[in-house]
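A.B. asks: Read off the chains here:
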Amino acid sequence: MKKGHISNILNKGKVFISLIILVFCILGAVVFFIAKQISEEMSASAIENLSESLELISSTIETVLYKEAEFQQLIADEAATFDDPEKLILSYNQNSTMTKISLIAAGEQTGISNTGDIFTTEELDFSAGFKIQNLQVSKSYLNDMGTWAYTMKCPIKKGKLEIASLYIEYIYDSFDQAMPDKLYNNHATLYIMDAKSKRFLLKPKGIGEREAGHLNLDDFYNANSILEPQIQTDIAEYIENGDNVMFYHKIKNEDSLIYMWSVNDGSLYLIGYVPVTAIQREGSAVNKNIFFVVAIMMIAFFICCSIYFLNNRIQSKIRQEREHEREIYNKQLAEALQTAQIANNSKTTFLSNMSHDIRTPMNAILGFTTLLAKDADNPDKVREYLKKITASGQHLLSLINDILDISKIESGKVALTIGEFTLNDLVTSVDAIIRPAAKAKNQTFFVTVVGIKHEYLIGDETRINQILINLLSNAVKYTPEGGHIWFRIIGLEQHSSQFEHIRIEVEDDGYGMTPEYLSIIFDSFTREENSTTNKIQGTGLGMAITKNIVELMGGTIEVSSKVNVGSLFTVDLELRIQNETVDENFWNTHGIFRILAVDDEEAICKNIQILMEDSGVKVDIAFNGNEALQQIQDVYQQGDQYNVILLDWQMPDMNGIETAKQIRTVISDDIPILFLTAYDWEDIEAEALRAGIDGFFAKPFFVAAFKEKILAFHAGRHIDDIPQQNTHSLEGKTFLVAEDNEINAEILSEILSVEGASCEIAVNGQLVLERFQNAAPGEFDAILMDVQMPVMNGYEATKAIRSLQCEDAKNVPIIAMTANAFAEDIKEALHSGMNAHLSKPIDVAVLKETIQNFL
Amino acid sequence: MQKPLKKIAVLLTIGALTLTACGQKPDITENLADNTKTDKKQILLFGPMEKSAPNASNTARTAHDLTVLMAEERLDLVVEYRTYTAENYQEKTYDEVTLDRARHNMDDLYLLNPDVIHTLGIEGKLADLSSLDCVKNLRDVVKTANTVNGKLVAIPQEVVAYGLFVNKDMFDQYDLQLPETPEEFMECCRVFKENGIETPIGANRWWLETFVFAQAFADLYNGDNTDAEIAALNSGEAKYSDYLRPGFEYLQELIDKEYIDAKTAYTYEAIEGEGPDFMAQKTPIVMAYWGAANTDTAYGSPDFNMQVIGFPSNRGQMPVIPITGYGVSANAEHLEDSMDVLDVILSDEALELYSQTNRVISPSKNVASNCIPALKPLNDRIEEGIYVLASNANLKMEQWGNICLLVRNLLNGSSVDDCMAKLDQLQEESLQN
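Protein sequence lines correspond, in order, to chains D and P. Residues 294 to 1148 (my numbering) are what the first sequence spells out, left to right. Residues 335 to 767 (my numbering) are what the second sequence spells out, left to right.
Just chain D, same shape as in the assembly (with noise of 0.2 Å):
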């Protein structure tokens, strides 16, 4: 469809042009015809001109002629008159035309001049036959006065008898004054010549240039290269009949019409040439008028049609951009609808995963209940089936909180909430979840940290904690018992000073997926399903939501699998390190200055290495106990020792509770030697304090667990004694609970009941309000406030309670009970007075924790 489309335009172009040229070589026919008309109309009218021209210059020397030979047939008839004509004749002086009169009386050979001279006329030559007015006319001669002349001849008559001839000499320098001072410009030559002869006698005043060619014929012919015989031919036989001769001829290098005009029956000619430009002037200037009109014409033609193509290139290109814009909005909304039809498949998905998820456990707990009832009496199944309906509402839970949580994910409203975090807490908090669960399902669990410079940095811990938890839990989920889990912190190059670049690395030998899973590994509600992990509980968003988090914090998540061989998810990420203030004074003051490192794993020993390499103690390793003893003798024997030593348990040849005895013999009892280790230390703690071991930390190895234990053991306590759990204990408490539910009202009465505490309950935040302002100063311990409930809710509640002007009521602890649990709540209850904020369902050990805090 576009190939002809295409095809038709450049047809239409090509029959366009096609006619555009036709037009030009019609015009340009039409217009040479008229140039070429004008042209030879007046090349004709010049040649024209030149012709009057010529005949008027001809005439005119004609006229000089008649006259002179009427004036000397007046001399000769007034001689007549006289008895003596010779005195006439020396009366006459010489004049500027007639230089010499002079008379031979008939029967005479001499005669005399008016110059008084004798006159012959041996050197005139009448032979030619030219007359005058029937006088008759010699050939042309150079005279005394060096000027070319002519003597005309007239009989003198008395009556009927010829008594002598009078001979008057005429100069041809007397036809100056009658000749043009310009002809056509001065581009034009004009040579009068005898025909005779051949020679040019007089070349007028301001006629032609300052040439060659002035000589006669010859000359002229050679001069200006007309040397083809027929034409010199031709022209003898015009001039023997006295003819006029006008042709073209090129003359150096231009066309030029060269005139040969005769003068009184071709006695003499007017000889020359003019350039045919000279002449034709007027024809050029009318033809180069219409050129340049027609050059004008053709420019506004070309100058309208390039704006006519620009024009319509400028609207076909709109016309394309529009079309190309139509398209992209086509396709996008093709793409909205798709995206739209997908939300609405995936609402329709997700309300079905929902049901099913949530039915699920909500199914397991209201048959549990069921059977409750009908075994209540039965102490064991009763604690049985609560302990699978706990189970069941705790996934229930945690399916409502992912869900919540994609949704803001997905609105965008999730705000990290940075602060400050050591990689110590964060692996120990994480290894303190998976650990057990890894365990639970007999799988060795390893967490290796290496590269990492700085482990005091800037992030959201509790959002990076939940990536960890989501990829390491779903690593324990899909990975069979006795499988193995690697959990790696790497510390990549960093790309600026001020961030640290890290890479976790979540690995297992599991059951690993397919390729079209991974495609959408990360896609909400979406689980691997096979026979085997469709008995894995989950709500399939928690990779949706770890991506989202993790692209939140700028980061990037890959994974890589294999079915049956495992699972690789690598997250990397840059996280500001924070403003370490090297606390050097800390070993110093604990008197640590150098240390030894004993560990199979030379990456191990090379992280402590480089976590140390600020504070100021030397850290030596050692890959063996042998090594460790060596080491630890020679540093004794140079004087100096070492002032801890961390030792791995498992080593090959000399486990670490060996090496420890060992070291013992050689090191005083002040020197702590630490068990850094990434195995449950109980089943050997006993054995390990024996061998003289001080106390135990866990890999992967921090500074800051380090400083931990070295002050522990500075303390005098032992270094892993546990702390003695605080009770929080809420006896003999009293709270006043707002609660708008009378079931959660009745479960938070039951747990104070049990845990020995009483309560008051008050369904709105107005009626809480004036309980408390009619409450004697201490009757409630704290306030227990639901968030939303009718009549006032808890936030304007805690408000109008801190104003109040009663005792107790600033300080009065107030503590948020609510459903609402996303940071924003937390925010707002913290903003509106309350002093903690807790997320229903209420977990009985937090809440004695968190009131414990306030008490």
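Since the hints were made in silico from the structure, they are not lab data. For every residue, glycine included, the Cβ atom is placed at its ideal position computed from N, Cα and C. Heads up, some of the hints might be wrong.
Derived BS3-like pairs: lysine-lysine, alpha-carbon spacing no greater than 25 Å straight-line [to be verified]:
| no. | chain 1 | residue 1 | chain 2 | residue 2 |
| --- | --- | --- | --- | --- |
| 1 | D | 734 | D | 681 |
| 2 | D | 855 | D | 734 |
| 3 | P | 375 | D | 610 |
| 4 | P | 426 | D | 489 |
| 5 | D | 498 | P | 374 |
| 6 | D | 491 | P | 426 |
| 7 | D | 1103 | D | 1120 |
| 8 | P | 340 | D | 610 |
| 9 | D | 680 | D | 770 |
| 10 | P | 699 | P | 470 |
| 11 | D | 475 | P | 375 |
| 12 | P | 470 | D | 498 |
| 13 | P | 426 | D | 432 |
| 14 | P | 426 | D | 498 |
| 15 | D | 667 | D | 681 |
With the Cβ distance kept under 8 Å, some of the chain P side facing chain D (calculated, not the full set) [unchecked claim]:
| no. | residue |
| --- | --- |
| 16 | 376 |
| 17 | 419 |
| 18 | 421 |
| 19 | 429 |
| 20 | 432 |
| 21 | 438 |
Looking from chain P toward chain D, a few residues come up when the C-beta cut is under 7 Å (computed) [what the hints assert, rightly or not]:
| no. | residue |
| --- | --- |
| 22 | 410 |
| 23 | 414 |
| 24 | 426 |
| 25 | 431 |
| 26 | 435 |
Given chain D, work out where chain P should sit, using these hints.
C.D. replies: Chain P only, in chain D's frame:
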């Protein structure tokens, strides 16, 4: 884009209307005749002009024209040319016509040959040019040669030096050295003749006298007794015939040995006659003036190695210098304007232009000579101060024209003794004047 098109259309319409509005009907009260008077003075200059070959350029005339144009522009006048050239030897010569025209006051300015300068100077037909500004720049030799009866009557635009134009290739072909003395020259002619060169010397009816001058006056002008010898000639104590006889006899010998074809030489016009054979390398030797080596109308572009040397003399190669010049008719219609024209065309600026164009020896001592390589041998002699004057107004008897006629007589069959007798007669007449 519709708007710009409309704008263009509107602009074009307005333009067309404006053009239409500009068209006016002729005013019937307006006098269309051009009454502007062209009253520029016209100075008539009479000078020679050789018959032309098509497409040939005459650098001498070009150079002269350039200076005339300079005068026309500066003086706001027109210099009109009048010219004459004899068709054949039977017609009046240029010099004869010049004398006629000058005697009848036909023109204002004349380009004159040395003998005509002398004749007209003595007749008082030429105005005294001593007062012109350009005179103070002239070389002494120019002033000396053209001062007649105490009046400087003519000044040239170039110092015309005559020399022998030789085909060096032909000399080399026959292993000949360029001749220094008359004897060496004669020997060269013999060798050429024996080798089939029919006429070793190409001659015309005008310039053979240069051989005579070179031999006659080599000692007079290049010796230590110049003034005394001139005085002796002017007083009649010494005879021209004594000086000139060896040269005439030498010419006679060249004629007798047919190294010169006397008959054709007698009829040949300068360059027209002998030139074609020289350029065609049929003749190895011709004589001509300096400028002939520079112009295509003469010997400007030979196909061989041409050298210009002095004439043979007992003092070696001898340049012969007849001083020509421009003269103003004493009765010129435009005497003052003609003097102004001369002052312009003979100024150092004009002569510099002339010399650069024509590459000649300038009459001004302030303008360096500019010669082509072919002219170097001749120029070297002149630079050494070795040359012979072929015209000298200090000598009472005119030489350039008279000797020319005598040589022509010799060519026409007169004996050397006849020529010498005529010479003595001429000297006698000059002494009587």
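A.B. asks: Compare the structure with each hint and give your call.
C.D. replies: Here is what the structure says about each hint:
1. D:734 <-> D:681: holds, 19 Å
2. D:855 <-> D:734: Holds, because 21 Å separates the two Cα atoms, which is no more than 25 Å.
3. P:375 <-> D:610: Outside the cut-off at roughly 74 Å; violated.
4. P:426 <-> D:489: Roughly 18 Å between the alpha carbons, so the hint for residue 426 (chain P) and residue 489 (chain D) holds.
5. D:498 <-> P:374: holds, 12 Å
6. D:491 <-> P:426: Holds - the C-alpha atoms of residue 426 (chain P) and residue 491 (chain D) are around 17 Å apart, at most 25 Å.
7. D:1103 <-> D:1120: Answer holds: residue 1103 (chain D) to residue 1120 (chain D) is near 19 Å, not above 25 Å.
8. P:340 <-> D:610: Measuring from Cα to Cα gives roughly 21 Å; hence the hint holds.
9. D:680 <-> D:770: holds, 20 Å
10. P:699 <-> P:470: holds, 9 Å
11. D:475 <-> P:375: holds, 15 Å
12. P:470 <-> D:498: violated, 34 Å
13. P:426 <-> D:432: Status holds; Cα separation ~16 Å.
14. P:426 <-> D:498: With a Cα-Cα distance of about 23 Å, the restraint between residue 426 (chain P) and residue 498 (chain D) holds, given a limit of 25 Å.
15. D:667 <-> D:681: Holds - the C-alpha atoms of residue 681 (chain D) and residue 667 (chain D) are around 16 Å apart, at most 25 Å.
16. 376: holds, 6 Å
17. 419: Hint holds; residue 419 (chain P) Cβ to chain D Cβ min 5 Å, cut 8 Å.
18. 421: holds, 6 Å
19. 429: The hint is violated - residue 429 (chain P) has no Cβ within 8 Å of chain D, the shortest such distance being about 10 Å.
20. 432: holds, 7 Å
21. 438: Holds, about 4 Å.
22. 410: At 16 Å from the nearest chain D Cβ, residue 410 (chain P) fails the 7 Å test, so the hint is violated.
23. 414: holds, 5 Å
24. 426: holds, 5 Å
25. 431: holds, 4 Å
26. 435: holds, 3 Å
The structure fails to meet hints 3, 12, 19, 22 from the earlier list, while all remaining hints are met.
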